[in-house]
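These are the residues of each chain, in order.
Protein chains: 4
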Amino acid sequence: MVLVRRNTTNLRITPSSQLLNSSTINMKLWQKNAAVQADIERFTVGRDREMDLLLAPYDILGSLAHIEMLCSIGLLEAAELATLQAALKRLYAQAQAGNFEIEAGVEDVHSQVELMLTRELGDLGKKIHSGRSRNDQVLVDLRLFFRAEIEDLARRMERLFDTLQSLSEQYKEVHLPGYTHLQVAMVSSFGLWLGAFAESLVDDLRHLRSAYESINQNPLGSAAGYGSSFPLNRRMTTDLLGFADLNYNVVHAQMGRGKSELFLAFALAGLGQTLGKLSMDLVLYLNQNFAFLSFPEELTTGSSIMPHKKNPDVFELTRAKSNQLVALPTQVSALIGNLPSGYHRDFQLLKENMFPALEMAKDCLDMLSFTLPQMRPKTEILQDEKYQYLYSVEEVNRLVLEGVPFRDAYKQVGLAIEAGQFNPDKNLNHTHEGSLGNLCTAEIKNKWTGVWAGFGFEKVAEKLGGLVQ
Amino acid sequence: MVLVRRNTTNLRITPSSQLLNSSTINMKLWQKNAAVQADIERFTVGRDREMDLLLAPYDILGSLAHIEMLCSIGLLEAAELATLQAALKRLYAQAQAGNFEIEAGVEDVHSQVELMLTRELGDLGKKIHSGRSRNDQVLVDLRLFFRAEIEDLARRMERLFDTLQSLSEQYKEVHLPGYTHLQVAMVSSFGLWLGAFAESLVDDLRHLRSAYESINQNPLGSAAGYGSSFPLNRRMTTDLLGFADLNYNVVHAQMGRGKSELFLAFALAGLGQTLGKLSMDLVLYLNQNFAFLSFPEELTTGSSIMPHKKNPDVFELTRAKSNQLVALPTQVSALIGNLPSGYHRDFQLLKENMFPALEMAKDCLDMLSFTLPQMRPKTEILQDEKYQYLYSVEEVNRLVLEGVPFRDAYKQVGLAIEAGQFNPDKNLNHTHEGSLGNLCTAEIKNKWTGVWAGFGFEKVAEKLGGLVQ
Amino acid sequence: MVLVRRNTTNLRITPSSQLLNSSTINMKLWQKNAAVQADIERFTVGRDREMDLLLAPYDILGSLAHIEMLCSIGLLEAAELATLQAALKRLYAQAQAGNFEIEAGVEDVHSQVELMLTRELGDLGKKIHSGRSRNDQVLVDLRLFFRAEIEDLARRMERLFDTLQSLSEQYKEVHLPGYTHLQVAMVSSFGLWLGAFAESLVDDLRHLRSAYESINQNPLGSAAGYGSSFPLNRRMTTDLLGFADLNYNVVHAQMGRGKSELFLAFALAGLGQTLGKLSMDLVLYLNQNFAFLSFPEELTTGSSIMPHKKNPDVFELTRAKSNQLVALPTQVSALIGNLPSGYHRDFQLLKENMFPALEMAKDCLDMLSFTLPQMRPKTEILQDEKYQYLYSVEEVNRLVLEGVPFRDAYKQVGLAIEAGQFNPDKNLNHTHEGSLGNLCTAEIKNKWTGVWAGFGFEKVAEKLGGLVQ
Amino acid sequence: MVLVRRNTTNLRITPSSQLLNSSTINMKLWQKNAAVQADIERFTVGRDREMDLLLAPYDILGSLAHIEMLCSIGLLEAAELATLQAALKRLYAQAQAGNFEIEAGVEDVHSQVELMLTRELGDLGKKIHSGRSRNDQVLVDLRLFFRAEIEDLARRMERLFDTLQSLSEQYKEVHLPGYTHLQVAMVSSFGLWLGAFAESLVDDLRHLRSAYESINQNPLGSAAGYGSSFPLNRRMTTDLLGFADLNYNVVHAQMGRGKSELFLAFALAGLGQTLGKLSMDLVLYLNQNFAFLSFPEELTTGSSIMPHKKNPDVFELTRAKSNQLVALPTQVSALIGNLPSGYHRDFQLLKENMFPALEMAKDCLDMLSFTLPQMRPKTEILQDEKYQYLYSVEEVNRLVLEGVPFRDAYKQVGLAIEAGQFNPDKNLNHTHEGSLGNLCTAEIKNKWTGVWAGFGFEKVAEKLGGLVQ
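Protein chains in written order, with our numbering: chain A, 1 to 469; chain B, 1001 to 1469; chain C, 2001 to 2469; chain D, 3001 to 3469.
Worth flagging that the hints you see were computed from the coordinates, not collected in a lab.
On a predicted model such as this, the values are computed, not experimentally measured, just so you know.
One should not assume that every hint holds.
[As the list claims (entries may be wrong)] Only pairs whose alpha carbons sit at most 25 Å apart, straight line, appear in this in silico DSS-like list of lysine-lysine:
#1 B:Lys1459 / C:Lys2447
#2 D:Lys3378 / C:Lys2126
#3 A:Lys126 / B:Lys1309
#4 C:Lys2411 / A:Lys310
[To be verified] Beta-carbon label-pair distances, calculated as ranges:
#5 D:Asp3162 / A:Ala244: 20 to 28 Å
#6 B:Ala1038 / C:Ala2416: 28 to 36 Å
#7 D:Arg3090 / A:Ala416: 35 to 43 Å
#8 D:Arg3376 / C:Ala2086: 44 to 52 Å
#9 C:Leu2401 / B:Gln1469: 53 to 61 Å
#10 D:Ser3294 / B:Val1404: 27 to 35 Å
A virtual CB, placed ideally from N, CA and C, is assigned to each residue, including glycine.
Construct the complete structure from the given sequences, taking the supplied hints into account.
Here it is, written out as structure tokens:
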């Protein structure tokens, strides 16, 4: 279960007009006046306030863990802790309800939370910052956010996985030509084709889990990347926030900025590769020359000048969005490449790459899970004369099983084809694991379950629940 | 002069909440109800309405040229033309004033313009679409938009170029260590260093011009990518829109979608490479171990926990944004790679890559043009003992000019260094072209002017002016 | 004409076993012995000796120009010059004859040339190095090499361009379905399809020319990147080597390392995009579901288990190699990203990226120029029932030209299609520029010629000829 | 233990002159003669024979498992099996001894093995191919090869990990300034800095393991990607070859071509990111402005014109090679992007990307493991006046621990700095996990051990040993 619900529709988002009106803004730069500072701020803050809204609940969770620890080492009194906890839990509820806002003139989510606390509690509000830097604060926010996003993503992947497996079973008898070199090659089936993408998702899930394991380590306490002279109890915050382990070395913890994003980008790119290939197949199979399947009209798009068109826009866009995911690692690498160790402001832009990419990935998964069950495979595809050679290997194998040496069997079939006398027996008997006649759907599901178990989502939910209740 | 002014601050932009609330949207996909169609539409339309706002004036310009041509070939009567022209010019003025809006439920800018025309003029409004497809309509919109953006970009590059040249002259006497392998190597100067980036911008401008030349060709009339059975006069629209030439072959015109963006992405990536390196140098030179220059306090940023810090956030962010430009070609290539010829809906996402990248490039240029003149180079840098070996090559050369063979001179200086008896003469006399003592600022400006002349911006302004006056 | 002929088959290349036996080599690293230095050298030299062989003639040309200039400023006596010129011209002839070798233990081509000169001429041989650094020496070698490679590439592009144009004319009457969204859309033709790639090559040539213009500037005299205290005459070497202009600023000249490669990589990637798309189309059209064309059997490949297969391996590999070119800018950017100004040893690896990529590009061009004329387009493709809707737009347009309002025409045709009563007139009359009936082959050739003229290859050949005769 | 030893120095490698002399080759294409077929073959075979040499032992192992299974299902008689096993084991020994060769005119390793068998055994030699396609044969070869390479890589990573940990402990008392925004920020240490890269390698190992898990699944039996009508026992070959599981679905198994490489490329790119950052730090710290450490002279390189230079070429090249690894995923993605499911010949080029990249990664690891222990950190770095502000945060924290509110403490220290009266206490007392005073070296080693255990290398060695003994 995803503990932190985002009710983003209700969030009052500052319009991302930064994106579009920067040329107007920049004009001001040339007027020598008090606006200079404001312009520099606008340039440096960029889209951060928009992005940071998504971090609000995680920032509050991080603070709840941090102050509990501060109290345990004597840097906060019990009464102070209680007051701060109550206030933070109210803010958390507000964020969950979608009523959290980053005010104009406030730079980021950390400042906004602190501002709200000090408005309410005065100087006590500032104490949540003791023993932290904004560097480890944003690190922990991002880890908690990515962790939740990965869980969300994994659940949507599971939905698509189950969809594919179920369709694979449903259509296991419907044959399809299989291609190599994009040349008609051997008999395949809808069951085989759809089941393949299910099994591919297992590998993608495994890589997502690997990114998750790197991310699910606690950077809190690394401060600006060189630790703190306060006697912080980092194991305690690790436990409170449900992390599986610590980023021990504080310089390493800071180097995780960029590296975490890179690992996650790899996982998304791997997924993108799978979904892009599935989408490409769908577009191809919807093409009239293949015509292996169709979708209800409401899932296709018409043309403004060609009355007969039924365009597969949905799958072209899942393909395109998947390919954007494939490019993500290059975007991340370009940002962080050749930077020496230590924090750099460049890292801020990682949010603008990663956050929309996560949405894109989820969008593609959902759209495929939604549309695929409405697929209408064409039956009797292989009746078409152009597919008769599909059976040539079957025929060769049949002869071999009857005792004809392979080379002779191959020649015999080849001559029959050339002479136009190739009349294959179209009954197939594929029995080995993973073949037409033996899809191993249960075994593949088992693989999925095995990888899934490694995440340990339940523990996280329980721990975070403990912080806010 | 950029004819089409964009007053984007006034544009009533539909908030790009698509970016953030898609998970909520997708929830709906699972409710079997009338919302299906709406959800598919939202997925396929994506951020297009936001992006298309920027295309509005260009879409209208394209229509103005198209209908004048339609009239010339008898597909529109003179009176119809006059009526449509008047209405379109009003819409154009509205877009220029920042009052153009894409209404809820309207898919793109083309539909919005047509809708507004038909509201006013009934069926006549639809006639602007004759002999066109949305495919060549958006192609021509993008070409006109990119052309204007390139001009805007080129002008901002020129501002930075002039700034760098002027600072190069101003600081030509201030010496700096030059590095190879990041090791102290030879004497350089602020004049040399800043002037180098000016000359680099000439190469970047040349590549931008090359992209411009590919883009400044008329695709209108290619319809869906296979031409039209109407007797269109494509040379006429070419002339009316100020294009330098036609994309003749209609299949080629359509293949320009993606390829134009790729060429422009290359130009932006090349520019990003230059600006990123300049930013990296600035960050390094602001570092306390180098300490070659400083900036006024209002251009740097403080730290939340370290009272002494003056962080170069501005230049870290020009570096980061420059590096995002460097990654742009990969994003474009990932989208269009291995797609067969013909239009694909995937191309729509190119806007989401290219439009913000153009803003990013302009932002970086402006920020550097604004901040660099406020640079305060440190003088007497080379007095520091660690730089004395800078003069070793000078010393070797001096001996060679006095007749000592190079190998002996090299040995002699090497021995003096080892013996701690190296006391170089610090008077330099570099005279050749492009050296410390001979920056060739005028020659480099000449190169700039030569490349600039090839754009022909004036003709474009004149032609577009003719369409809307 | 490419002046510098490479007879690479005869070059005695040191086997690139570095690639494969490095694990064995590295073993040695752990043995503490005299081999340390050798191992470090092997690691740092890498594949440079293999790559540098290609630079040999250009290194000699650079030296010939440099010494003539040294003599003109009094750093070399006339007799010394004559002796050196004679020796260098012999070496040049040797390199052209394919008998140049980099000996074991010699690090690079510059050292090899110097070694051979000093063996013959004693200390005089070393004088060719006066006023130069290896940094500007390799810069000028690379510029001369890339310049020659670009010319070679351009000529091979021209061969493919001419091939495409000629085939486009030959098959202009053979119709083909045109696709949008990979859905059957409108009538196209082999003439249109092939001609489109010819016109695309014009844009690619323009970008190659832009890279050429950046590269065709003289970096010699920039020494280690900070110029020289010798009174070098850089305009003289510029003229002798046939460069169009100087890299004036010496820091800029050095920054060209990496940037030149990036610009060239962009040009190759743009070309790769074109050739990749053409290859993808070919693979698709060879597929049995499309079956638009065939090739003679000797250009396709059989299958080890499927007797009927005729695999389009050649075009799959031109596609794959083209896509490797598309990835090239990322390889270059990854190497040079975020490096401050000044030389870095990292740049050495650029050769390993660029040199094989140039061969790859030429290979693909040649293979396509060779195979395309053997293409056998299928005629009467559009007789197949599934293509009848191709004519729907034609039919709508015909009605419009007869006076029926577009919307009514569109409806009328749509209804006919639904009712199964759509019997289109299959005579087409496309007349506008670049359409089915008017391919504008001559106009596109004109464009090519215009871009070609900008290179000025003749001047280069003449100048280099002057140096070595 | 890596079972398959490669004695590559002894392998008689066909010189990779394909790389360099292709222009000569292509010339032939234009001569209409019998050479056509040869040229097509050369173009399509490319560097495959060179690459395939590395696959030889794995190809033989795959065949040994396959024939044992064929016998178990009655497709091979026991006597035939014994004869084939004996011959294959001899070939295996030959390959291990470095005496395996791919003969001129033989296309790939599979053909070479079959050729050698049939020379010896006649038609029986061909039976090893029954129930297989070259598609699943090369798939299994690559899996076995990558599996061994990953193990090799992991062991070299471990050596570097141990080196870093040991140096981290050795130099834990030697302080270093820590930077944020490349500005002097807080006290760090060699212990902290070196230990950080050790912990980073744990994350890299985890991702390598994830790639390993995807790769360590048996594709054999998938034939051309659509399975076989033979009653293959795929679980048996899975067990014999020591695979952890099967790629069940045969279409999925085939889709693993490209996807396996992508996952491995991600792992290498992640590692490249770590090693590149370490190298960048080293180059920076060797720079005279930082001067934090030095290396013995034999590990640095001199300059041809500057007698005082000691260039860090080794670390510039580990940086450059690391960055080449970072670009690897883009190369792989460019090759496989948007290809529909099924085998494509494009996949062949993946070898040319992956094989040298693996060598590059191992080279960088070894070079760093070899050089780092020779590092000589400078002591007393922080005595330099420019680092005194490093202690400002310490001072603020000290005041806070004494009861001064943070904001007041921050102000007080800030004022002291401005007044030039900041005299910090330089005794540090960092105690929390992963801080200066508490490096957690053992805990980080524990993490390493935990990840390592998941590979299960022993089982693989045991199984392969069983096949060949």
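To see whether the hints hold, each was checked on the structure:
1. B:Lys1459 / C:Lys2447: Distance ~20 Å between B:Lys1459 and C:Lys2447 Cα, so the pair holds.
2. D:Lys3378 / C:Lys2126: violated (39 Å)
3. A:Lys126 / B:Lys1309: holds (21 Å)
4. C:Lys2411 / A:Lys310: holds (16 Å)
5. D:Asp3162 / A:Ala244: 20 to 28 Å: holds (24 Å)
6. B:Ala1038 / C:Ala2416: 28 to 36 Å: Roughly 31 Å apart at Cβ, these two residues keep to the hinted range, so it holds.
7. D:Arg3090 / A:Ala416: 35 to 43 Å: Check passed, 39 Å falls within 35 to 43 Å.
8. D:Arg3376 / C:Ala2086: 44 to 52 Å: holds (50 Å)
9. C:Leu2401 / B:Gln1469: 53 to 61 Å: violated (32 Å)
10. D:Ser3294 / B:Val1404: 27 to 35 Å: Once the Cβ atoms are compared, 31 Å apart, the range 27 to 35 Å for B:Val1404 and D:Ser3294 holds.
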